[in-house]
Amino acid sequence: MRIMKIKVLLFARLREIVGSEMVELHRNEIFTVRDVWDTLQAEFPQVEGFGKSLLFSLNQEFADLNTRIEDGDELAIFPPVSGGDN
Amino acid sequence: MRIMKIKVLLFARLREIVGSEMVELHRNEIFTVRDVWDTLQAEFPQVEGFGKSLLFSLNQEFADLNTRIEDGDELAIFPPVSGGDN
Amino acid sequence: MRPYHQNETGDVYQIVQDAIQLDKLARQVSQPEDGAIVTFAGIVRNNTQGRRTLYLEYEGYETMALRKMSEIGATIKQKWAVNQVGIVHRLGRLEIGETSVGIVITSAHRRIAFEACHFAIDTLKKIVPIWKKEFFEDGEVWIEGDFTQLPTS
Amino acid sequence: MRPYHQNETGDVYQIVQDAIQLDKLARQVSQPEDGAIVTFAGIVRNNTQGRRTLYLEYEGYETMALRKMSEIGATIKQKWAVNQVGIVHRLGRLEIGETSVGIVITSAHRRIAFEACHFAIDTLKKIVPIWKKEFFEDGEVWIEGDFTQLPTS
Chain A
1 MRIMKIKVLL
11 FARLREIVGS
21 EMVELHRNEI
31 FTVRDVWDTL
41 QAEFPQVEGF
51 GKSLLFSLNQ
61 EFADLNTRIE
71 DGDELAIFPP
81 VSGGDN
Chain B
87 MRIMKIKVLL
97 FARLREIVGS
107 EMVELHRNEI
117 FTVRDVWDTL
127 QAEFPQVEGF
137 GKSLLFSLNQ
147 EFADLNTRIE
157 DGDELAIFPP
167 VSGGDN
Chain C
173 MRPYHQNETG
183 DVYQIVQDAI
193 QLDKLARQVS
203 QPEDGAIVTF
213 AGIVRNNTQG
223 RRTLYLEYEG
233 YETMALRKMS
243 EIGATIKQKW
253 AVNQVGIVHR
263 LGRLEIGETS
273 VGIVITSAHR
283 RIAFEACHFA
293 IDTLKKIVPI
303 WKKEFFEDGE
313 VWIEGDFTQL
323 PTS
Chain D
326 MRPYHQNETG
336 DVYQIVQDAI
346 QLDKLARQVS
356 QPEDGAIVTF
366 AGIVRNNTQG
376 RRTLYLEYEG
386 YETMALRKMS
396 EIGATIKQKW
406 AVNQVGIVHR
416 LGRLEIGETS
426 VGIVITSAHR
436 RIAFEACHFA
446 IDTLKKIVPI
456 WKKEFFEDGE
466 VWIEGDFTQL
476 PTS
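Residue numbers (this note's numbering), protein chains in the order written: chain A, 1 to 86; chain B, 87 to 172; chain C, 173 to 325; chain D, 326 to 478.
Just so you know, these hints were derived from the structure itself, not from any lab.
Keep in mind it's a predicted model, so treat the numbers as computed, not measured.
One should not assume that every hint holds.
What the hints assert, rightly or not - One-sided and incomplete, this derived list gives chain D residues near chain C with beta-carbon spacing under 10 Å:
#1 Arg327
#2 Pro328
#3 Tyr329
#4 Ser355
#5 Gly360
#6 Ala361
#7 Val363
#8 Gly417
#9 Gly422
#10 Arg435
#11 Cys442
#12 Asp447
#13 Thr448
#14 Ile468
#15 Leu475
#16 Pro476
A virtual CB, placed ideally from N, CA and C, is assigned to each residue, including glycine.
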């Protein structure tokens, strides 16, 4: 069985909580964004409370938990955006 | 009977048609803006077609044909304004 | 170049004969409480409905125009939580691309700044006694605004 | 200072690390067909609900942010008859009074320019992946936008 490697970009508070702006996950079955998020939660339990209000992007387009992932895709996970004026 | 002198400021197309930016009208009874406008039309028949869409101001506040005039008031007559962008 | 003249509340209502510097006006009226600055510049366009414009001439009833510009600012400050208002109109001959009117609204919040700035230019075009004459290759024409019955004081 | 980078349609979508010069951006994108230029500047305010702010730090997912800023411009050009769009966002540490985002919309007509500019900043705050952290005298906090289910492509 092939092991898939997925690189995940993290931003803002999520980046700080995990302590890294990029993590590489290894799993033998990764099909969707949900699989990645489950793996991330298993490896970094501190992110758990975050789940309901996170955003996902795949190859720089918004994605959701059911979006399918291919090898080499650029996945990012981040809180709701807050740029612009304050 | 006292002769009232009223100075009337004219602007834009109205100024061009009359050929002056200020006219002084003399009349023995001037009570309202309407009296001034009637006198102006009598002295400068070329302004007649203008009547329906003119604006009046008395002492730099918008006025109408029924507004009363006192000696020394600053009266102005002008077309609808068109400042700003084009 | 001299700074714009701020009145006792820090707002600017001014008529000028030379180029309007909107960025300078914005810097001058802005404060540490501002979160949003919206500006409007009215620009002399190179055409009117396809007819090629050469230049414009603006004429004003200056004392009344200044009074009406201040009135617009006072209305804005009553209606919205804006911090500062700046309205500067230029008179005389203006070339294509030049700014005839510049408006700056500062506020803590953007929606207020947009609404107030839009209101300012819409109202200016109704009540501020300034007129423009447009010069084409083959003639000239006074532009007249829409006639609206204005409130008398 | 270098000019902003205009793409093949003349629009600007850029992320910078230094001061945003909104007047320069406006001059660069403006054209003889413009009758109205509306700009928006988002400014670092000195307080949030009365609590004194020291400074802000902005962080972005730059490649995606640029893509989303271009998308906003493309949507605007589909919806309104605007001439040019310029959107510049700054990242890094910003002091009170500095501009975090600058938007310029040029159009023949003012209503269009106001609507498009307001739409641009409202949409930017929903879909452009940039975040800010606010530093107070006694702590710091990540500001998070309202969570909204975004359309997936």
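Now for the hints, and whether the structure bears them out:
no., hint, result
1, Arg327, "violated (18 Å)"
2, Pro328, "violated (16 Å)"
3, Tyr329, "violated (15 Å)"
4, Ser355, "holds (7 Å)"
5, Gly360, "holds (4 Å)"
6, Ala361, "holds (6 Å)"
7, Val363, "holds (6 Å)"
8, Gly417, "violated (19 Å)"
9, Gly422, "holds (6 Å)"
10, Arg435, "holds (6 Å)"
11, Cys442, "holds (7 Å)"
12, Asp447, "holds (8 Å)"
13, Thr448, "violated (12 Å)"
14, Ile468, "violated (12 Å)"
15, Leu475, "violated (21 Å)"
16, Pro476, "violated (23 Å)"
Of the numbered hints stated above, those contradicted by the structure are hints 1, 2, 3, 8, 13, 14, 15, 16, listed in ascending order.
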